[in-house]
Structures are given as C-alpha cells and as structure tokens.
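**Student:** The chain contents come next:
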Amino acid sequence: MIQKFEDLNEMHLDVLTEIGNIGSGNASTALSSMIGKEIKIKLPQVMTLDFQDAIEHCGSPEELRASVLIRLKDELEGMILLLITKELAETILNIFFQKTNIDLLALDEGDTSALSEIGNIMGSSYMSAIGTLTNLKIGVEAPVFTVDMLGAIMSVPVIEFGEVGDKLLCIDKSIEIDGVCIKSNMMLIPTVNSLSLLFSRLGIT
Amino acid sequence: MTGALNVGISDWKVNKGSGIIVTYALGSCVGICLYDKAALIGGLSHIMLPDSKGVAAGASTNRMKFADTAIPDMLSKMLTMGAVKARITAKIAGGAQMFVTSSEKFNIGDRNVAAVKDALRALNIPIVAHDVGLNFGRTVFFHTDDGKIIVKSSAKGEKIL
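In the order they appear, the protein sequences are chains Z and C.
The numbering of the first sequence is my numbering, which starts it at 1 and goes up by one.
The numbering of the second sequence is my numbering, which starts it at 1001 and goes up by one.
Honestly, the hints are just simulated from the structure, not real lab data.
Each residue gets a CB set at the ideal place from its N, CA and C atoms; glycine is no exception.
Here are the simulated DSS-like cross-link-like pairs (lysine-lysine), alpha carbons at most 25 Å apart as the crow flies:
{"no.": "1", "chain 1": "Z", "residue 1": "K86", "chain 2": "C", "residue 2": "K1152"}
{"no.": "2", "chain 1": "Z", "residue 1": "K183", "chain 2": "Z", "residue 2": "K40"}
{"no.": "3", "chain 1": "C", "residue 1": "K1053", "chain 2": "Z", "residue 2": "K4"}
{"no.": "4", "chain 1": "Z", "residue 1": "K86", "chain 2": "C", "residue 2": "K1156"}
{"no.": "5", "chain 1": "Z", "residue 1": "K167", "chain 2": "C", "residue 2": "K1053"}
Computed, partial: chain C to chain Z, Cβ under 7 Å:
{"no.": "6", "residue": "G1027"}
{"no.": "7", "residue": "S1028"}
{"no.": "8", "residue": "C1029"}
{"no.": "9", "residue": "I1108"}
{"no.": "10", "residue": "G1137"}
{"no.": "11", "residue": "S1154"}
Chain C residues, not near chain Z, derived (Cβ > 12 Å throughout):
{"no.": "12", "residue": "T1080"}
{"no.": "13", "residue": "A1086"}
{"no.": "14", "residue": "R1087"}
{"no.": "15", "residue": "A1114"}
{"no.": "16", "residue": "K1117"}
{"no.": "17", "residue": "A1122"}
{"no.": "18", "residue": "I1127"}
{"no.": "19", "residue": "A1129"}
{"no.": "20", "residue": "D1146"}
{"no.": "21", "residue": "G1147"}
{"no.": "22", "residue": "K1159"}
{"no.": "23", "residue": "I1160"}
So here's chain C without its partners, still in its complex pose (with noise of 0.2 Å):
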C-alpha cells in the first residue's frame, strides 16, 4: 500500500493523525496495535519471541524482536508524543502455528500471544480486540485516523478488528 508505514520483522512504528502503519504476513510472530484514540497516536509492533530474559547473553541485542522489551519501548515512544497512558488501548493479531504437528517446538505462536498479554497486563493496557491462534498467516492494516484494523489472510479474507 502506497503511503503506508511498513513494519518489517522485529520492528516497531508509530504514527500520529491519519495514516495506515502495516505489517505483512504475521506468521507465529504477534503484530500488537496500541492506540490512543483521542490523541490519535497509533503504534504497530511485530514481534517475533516472547521474553528477551531466557535468550543467551549477547545473542542479541534487538529489543525489538520480544514482547517483553518492545511493547513498553514502543508505549514510551508513543508517551513522548502526546499520548496519555490512561487511555491507551490495544488490539493484537497472529500468533498463528504455521505447521500443524505434535512437536511442542512449533507452538511458539500460543507463547508468542501469552507473552504480549503478559506485558500488556503488566502495563495495566486492556487488550479491546484481537485475531489470535490458528493456523493461518496475517497481514495487519492499522489506520490511525480511528484506530481501525483490518486483519488479511490468504483463506479467509479480512476482517475487521
């Protein structure tokens, strides 16, 4: 989409007034919507694993790619533009187990949702909507003129969050 704020991988945008911030093709990763809508200030995180605490120091330094340090990060960014805590709310989408198996291993996508609900709970942030689960990829259309968001898939079309 022309115009719009892409969000790759491990990645976090924000937005204030009228605009679309998209991420595309959310697989086991969680895209998380924060949004403030009387101030209209949106942002949109992709991220990829739910804690930066177990990864092995010096693995990584993306904070970024976890729940646990993006979602706050991202929530700060958006404090410093205006935003008022009070009235943040957020909507989340993906998640998603790409290949369906017994293997514990592939279930990253539930623990991926459980951890941005963790840190959206620690941040007293009520989560108001979300598309989470299944086994389906997801591209996120986030418009931050009214907080709208539209939730594509290859199979079952949009739907609207």
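With the rest of the complex left out, here is chain Z (with noise of 0.2 Å):
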C-alpha cells in the first residue's frame, strides 16, 4: 500500500513510466491525427517533487504558459495539465489558421478553444489508454483553460497536494513535432490513493 509518494520504489516508478509511455502514446496519435503531422515523444520521466522543485522542472516561474487543465473523476483521481509555451501554441494555431507570431495574452476565443480541444482530447486519449490497461473507469471533467505565469498555474496542483504532503508525482513527457523538439509538459497529476488503486489493478503491492 502507497501512503505517501516517498515509498514509491524502482518497479514502482517503472510501470509508472510504461504506464506513462502508453498513455501520452495514444494521446501523442490523436494529436497527430488532429494536426497531421508526424509526433513522436521521448520516453516519460516519473518524478516525485518538492513543490518548488515541481515548478522549476517546468520552467522559470515567471515564463508565459498557456495551460489546460483536466480533472480526471469516477475511479482515478488526480489532474492532467498540459502546459504550452509559445512555441507549441504556434505550431498548433498556424496548423488551423495559419497564424505566425502569437501572443499568448491576446489570444481569440477561437485560439482559445482550439488549444482547449487539443488538451481535451489529449486529455481523453491518455485517460482511456490507462482505463484499457488497468480495467478502471475513468472519466475526464470538461477542461479549463488560462493563460499565466507558469508558477501560478502550477499553484492549482500544488495546493491540492498540499493538503495531504509536501511532494507532488509528475508524469511527464515533451513531444516532437515534425522532427522538432518542441518544449511542452504534459502532465499526469495522480493523487496517492489512485496510485494504489492503479498498482493493484496491475497485481503489483
């Protein structure tokens, strides 16, 4: 039994990665998909993280972040955030309207629910990639979106996890695009009481 993320071991953190691997596969497909163009991703990196230290993984705490963010409900428990710099905001909106030079805080409704959707059905990809794996019924609350300061968008997770310790379990994995490492984070936010679930529906203690 999981109580806390320290007692996370390395078989754990393993299945964590594959479990990862196959979630932001599918989620990599129906991005791929959506766009059409090639994805590739590199391999998730598992980390449990001071809070703090969760942020600065991601960047400085002052970049500009577009972010969506998706609870997950029925038997898992937990969040996906996906964060997008500039760069991938680009790649995607150039792809559906051909826009060059964006400025994430003048985004339009449109660029806005475009990004939502991309994050939605990434979101909703990796979900039922996992649901499949682990026979659990996983559902995805409507995504939220928001444009900040990348630590204050992280605040959302962190002070949700802070109430229950001080460490934070990221999965996380930055994709290619075209050949083009595009620097992204997507994120799955899993509380402990559904890393425990997850492992017991994979026979693992």
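Mind docking these for me? Both chains are given alone in their own frames, and the hints should help you get the complex.
**Tutor:** The structure is reproduced here in structure tokens:
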C-alpha cells in the first residue's frame, strides 16, 4: 500500500513510466491525427518532486504558459495538466488558422477553444488508454483554460496536493512535431490513493 | 532580480534595512508582507493553504505552508530582530482563482485570503493595502527600506501598494 509518494520503489517507477508511455503514446496519436503532422514522444519522466522543484522542472516561475487543466473523475483521482509554450501554441494555431507570431496574452476565442480542444482530446485519449490497461473506469471533466505565469498555474496542483503532503508525483513527457522538439509539458498528476488502486489493478503491491 | 531575497512556495524570509524580498508567480497562494517602518524590518511569507488544523496528522510538518502558522512565526522572528508589534502593518497580494469554473474546489484562493485576514486580525495587525482575488498570477517585490510593494502580473502590468 502506497501511503506517500516517497514509498515508491524502482519497480513502481518503472510501471508508472510505462503507464505514461502508453497514455502519452495514445494522446500523441490523437494529436497527430488532428493536426496532420508526425508526432514523436520521448520516454516519459516520472518524478516525485518538492513543490518548488515541480515548478522549476517546467521552467522559470514567471514564464508565460497557456494551460489546459483536466480533472479525472470516476475511479481515478488527479489531473492532467498541459502547459503549452508560445512555441507549441504557434505550431498548433498555424496549422489551424495559419497564424504566425502568436502573443499568448492576446489569444482570441477561436484560439483558446482550439487549444482547449487539443488538451481535451489528448487528455481523454491518455486516460482511455490507461482505463483499458487497468480496467478502471476513468472519466475526465471538461477542460479549463488559462494563460498566466507558470508558477501561478502550478499553484493549482501544488495546493491540492499540499493538503496531504509536501510532494507532487508527475509523469511528464516532451513531444516532437515533424522532427522538431517542442518544449511543453503534459503531466499526469495522480493522488496517492489513486496510485495504490492503479498498482493493485496491475497486480503490483 | 540580483541580490533580492527569494521566497519560495511555503517559505518566508525577513530583512532589515535596504533590500528587496521577492516571491514569484503567486497564483492561489497569498503573499503577506509585514513591515515595521520605524525599525525598517520587513518579512514576506508565501502561504499556500489556510489552516494547519484541518490537515491530517503527519501529512505535513511545514509550518511555513499555512496562514495560521506562518504569519505568527514570521512575526516572532521580526520581533526578535527588534521590530515592535504595535508598529507593524501588513500588505497582502495573491489569492487568485487561476481556472475559472463553477467547481467549489477551485476557490482555494478566496479561502486563503480569508484565512490570512483572520490570522492578521488575531494578531491585531492592520492590513493597509491589498491586491487579491480575481483570476491572474502575481509576483511581489517588497522593498524593505521604505515598505513599498510592487505587484507585477503578466496581463495587468505593475501596481504599487
């Protein structure tokens, strides 16, 4: 039984890496078919991080990000957080609307719904792969969107997990579009209880 | 900013005389600046949760994380440095709701601000300026030579408290 993120051993981390791999593989396929570009993902990183380190892992606290947050529901608790850099937003909005030189602070309604929808489809396909793997019913809530400083966005998962401990478990991956590595983060952030359930479904104690 | 004292999440720092204490990108967290203008002693606390009492035993031992423990602790430190309690005033910033939805869970920013106000009231420290709530992140620069606070946000620029 996992009580704290600190209890995770090597095998647990390997399993989570594989879960991240399967989930984000599915998410990338979904993104690839939406934007018609070849997408590659790197092996996900599984990290148990102090709150301050979790923010710094994604960048400097004041850097701007567009962000899509998707809460998990039904049998798993936690969230998927997609942190979209200017670079990734530009790539996506160029494909959709032929836009160039995007200003994240001046996105219009079309831009924000396109980015939210990307997050939604990636998040849903991520979790549907994990649902199939574990035979758990995992739903996702409607995505919510904001543009702000990275640190301010990260305060949302950090505060929720702050009630039960001092660390965050992130399964993170970076993506390559048409051979160009685009800095961005797509993180699965599960609760401790959900981890135990995941492992027990996979026959791991 | 070079030479500034950097306060992380769930952290506080104090300074006497000239200098700047900074905390970056407050979202739903709240930054509390306490200041004794005569002694030029200031402290900046970055809390992330309202109340240590509601948290399961053993879940967290970091007193700098909660409004009800961080503020009295930082005040005590300032008093040992020579600050006088009757002279101390507070300015607060942060407590935003980063993702606007109908879900109750997201309103932690408001709860944090309310808890900070309660903690300051319990200590009889007046709040002389604030920039709280709404839906955007804030960076706080606290100048301890004159008590000036600069609040910076991505969309709204800078504001002096």
